[in-house]
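Take the given structure of chain F and dock chain S to it, following the hints.
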Amino acid sequence: MGETVSETRDLFSKFDEIIQTRETLLASGVEDPFSLVMEKVLSPTRAICNGRSTILLGTYNYMGMTFDPDVIQAGKDALDNYGSGTTGSRVLNGTYQGHKEVEQALREFYAMDHAMVFSTGYQANLGIISTVAGKGDYIVLDIDSHASIWDGCALGNAEVVPFKHNDIEAMDKRLGRIPEGAGKLVVLEGVYSMLGDIAPLKEMVAVAKRHGAMVLVDEAHSMGFIGEHGRGVAEAQGVIDNVDFIIGTFSKSVGTVGGFCVSNHPKFEILRLVCRPYVFTASLPPSVVATAATSVRKLMHAGNKRAHLWENSKRLHGGLRAQGFTLGTEEPQSAIVAVIMPDLERGAAMWEALLKEGLYVNLARPPATPAGMTLLRCSLCAEHSSEEVETILGMFERAGKAVGII
Amino acid sequence: MNREEVDSRIRVLIEPFNKKNAEIADATTFAGDLEFDSLTVMDFVAAIEDEFDIIISMNQQAEIENYGQLVDAVRQLTGE
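Line by line, the protein sequences give chains F and S.
Here the first sequence is numbered in this note's numbering, starting from 11 and rising by one per residue.
Here the second sequence is numbered in this note's numbering, starting from 7 and rising by one per residue.
Some clues are possibly wrong.
Computed cross-link-like contacts, DMTMM-like style, restricted to lysine to aspartate or glutamate with a CA-CA straight-line distance of at most 20 Å [as the list claims (entries may be wrong)]:
no., chain 1, residue 1, chain 2, residue 2
1, F, Lys-183, S, Glu-57
2, F, Lys-183, S, Asp-59
3, F, Lys-324, F, Glu-407
4, F, Lys-183, S, Asp-56
5, F, Lys-24, S, Asp-43
6, F, Lys-183, S, Glu-55
7, F, Lys-174, S, Asp-43
Far from chain F, by Cβ distances over 10 Å, these chain S residues were calculated [as the list claims (entries may be wrong)]:
no., residue
8, Arg-15
9, Pro-22
10, Phe-23
11, Asn-27
12, Glu-29
13, Ile-30
14, Asp-32
15, Ala-33
16, Gln-75
No lab work stands behind these hints: they were computed from the structure.
Using N, Cα and C, we set each Cβ at its ideal position, and we do this for glycine too.
Next up, chain F with everything else stripped away, as it sits in the complex (with noise of 0.2 Å):
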C-alpha cells in the first residue's frame, strides 16, 4: 500500500501575530507585565514581586479577607479534618459538610433560597448562562461584557445579541424586536471591571421585566463592598428583587476561589443536574469552602471595612485626576480606579515604572479592554491604610512625569 507523507501544518501559526507584538514589546526592554511573579505574600497589600517589595494595587482583594485569622484558621481545620482535596464532582462523592455550609452561607448573606457552588466563577457563568439559556431562546448582554459571559453563551445554543455598553435604549429596541413567545436572557453586570463603572441596574432590569424576560447580574466586582449588606449593584438600587440570577465568586471580596449563582427560582435546584461545568468537574477543596464560609459570613458584619474602602477608592481617584491622569469614570463609582494609558508602548513603561517605584497594578490590553485601550487598572482594598494611598500616588506622579504621561 502506497504512503504519502504531507508535511504537517503547523496549526499555532494563527497565534503568529500575538507573538510578534509581544516580541516587540519586550524588545524595547520592559519587565515582562504578564510573567510576574509574587515571590512572597506578606499581607493582602503586600507582597515580595520580582525581587522588590511591592503595595498591591491590582489585586481585586477588595476586603483584604486572605490573611484574615479567623479564615485562614478555618481552612487550616478543614485540611486537618476532610484532607486536601475531594477527588470528585459536587454530584458524586465532591460535596463534604463544607461544600453545603457554604452554600447556607450565601442564603443568608444575599438572603435568597437557593445557592450553587462552582469550581470557579468562570464555571459559574459558563455554567448558568449556557444552560439557562437554549435553542430558540434569546441571550440579550452588554457588549462590554466579561470573558466567563461571552464563552457562557458561546457554549449554550441561545441566540446571542449584544448591545452598547450601558445603553438602556439600545437595550429596550433589542429586548422588543425578538419574536413573540421566544424566552429571554438579560446579562448584566453590576461593575464593569475595566473601567471601574457601574450599570445602570434600575433601569434595566425595569425594562428588562417590562419585556417579560429573566435577569442574570454577575456581581463579581461588588459583592462585600457595595450596597447595604454588600449584596452588590444590585441591592444599593434597590432592584435585587427583580433579579433571578445573581453571579458572584469567592475570588475576590471573599478572598479565595470559586464561584456561584444565587436566586429565587423555585426550580433552581434541578441546575445541579443539568448544568454540565457543575457537574464534570471536581468540586473546591474542603479548606477553600471553608475559608469562603468564614469570610462570607464575616462579610455580613463589615460596615467599618466597607466604609474605609470608599474611603481609599475616592482619594485615589481624586488625587490621579489632580495630577492630570486620563481616568476610566467621571467620579468614583466602585473600588476599581482605571487609569487610560495612550498606547500599549507608553503602557507598559509607565507600568514597569510603577513597578520599579514598589507598586503592582494590572496592565490591561485588548481584547480584555473596551475600545481597543491600554489600561493601567488599580483595585483598591479595605487594609490599604490612608498613609499608602498617599504613598502610592506620589509613585504614580514620579512614575507619570519620568515616562511622560503627565
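What follows is chain S alone, placed relative to chain F:
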C-alpha cells in the same frame, strides 16, 4: 422590499463606516476588504437593526462575510 431597495438603504448606512472609501460590491468582505474591527461591526449592525427594525444575532452575523450576504440576510429578516 425588493433587493435593490434593501441594497440602496444599506449603502447609505455603510458610508460613514467605509473609512477607506472602498468600492462596495456583493463580494466585498467586511473583515478583509473593509477592515471592520469588532467595534465597527457592532455599530454598523446596530445601525442596520435600527433602520430595518430587526435583530441580527451574533449567530447570524457569523454566517455573513460579504456585502451580498448581508443584503440577502436583511431581506430575509424583514420578511421578504
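Comparing the hints with the structure gives:
1. F:Lys-183 x S:Glu-57: Roughly 12 Å between the alpha carbons, so the hint for F:Lys-183 and S:Glu-57 holds.
2. F:Lys-183 x S:Asp-59: Status holds; Cα separation ~9 Å.
3. F:Lys-324 x F:Glu-407: It holds: about 17 Å lies between the C-alpha atoms, which stays within 20 Å.
4. F:Lys-183 x S:Asp-56: Given that 20 Å is the threshold and the Cα spacing comes to 8 Å, the pair holds.
5. F:Lys-24 x S:Asp-43: Satisfied, since the Cα-Cα distance of roughly 17 Å is no more than 20 Å.
6. F:Lys-183 x S:Glu-55: 9 Å, holds
7. F:Lys-174 x S:Asp-43: Given pair F:Lys-174, S:Asp-43 holds - Cα atoms ~15 Å apart, limit 20 Å.
8. Arg-15: S:Arg-15 is indeed farther than 10 Å from all Cβ atoms of chain F, at 17 Å.
9. Pro-22: 16 Å, holds
10. Phe-23: S:Phe-23 is indeed farther than 10 Å from all Cβ atoms of chain F, at 15 Å.
11. Asn-27: S:Asn-27 clear of chain F: closest Cβ-Cβ about 22 Å, beyond 10 Å.
12. Glu-29: 27 Å, holds
13. Ile-30: 25 Å, holds
14. Asp-32: Label holds. Min Cβ-Cβ 26 Å, cutoff 10 Å.
15. Ala-33: 25 Å, holds
16. Gln-75: 18 Å, holds
Every hint, counting from the list given before, is met by this structure.
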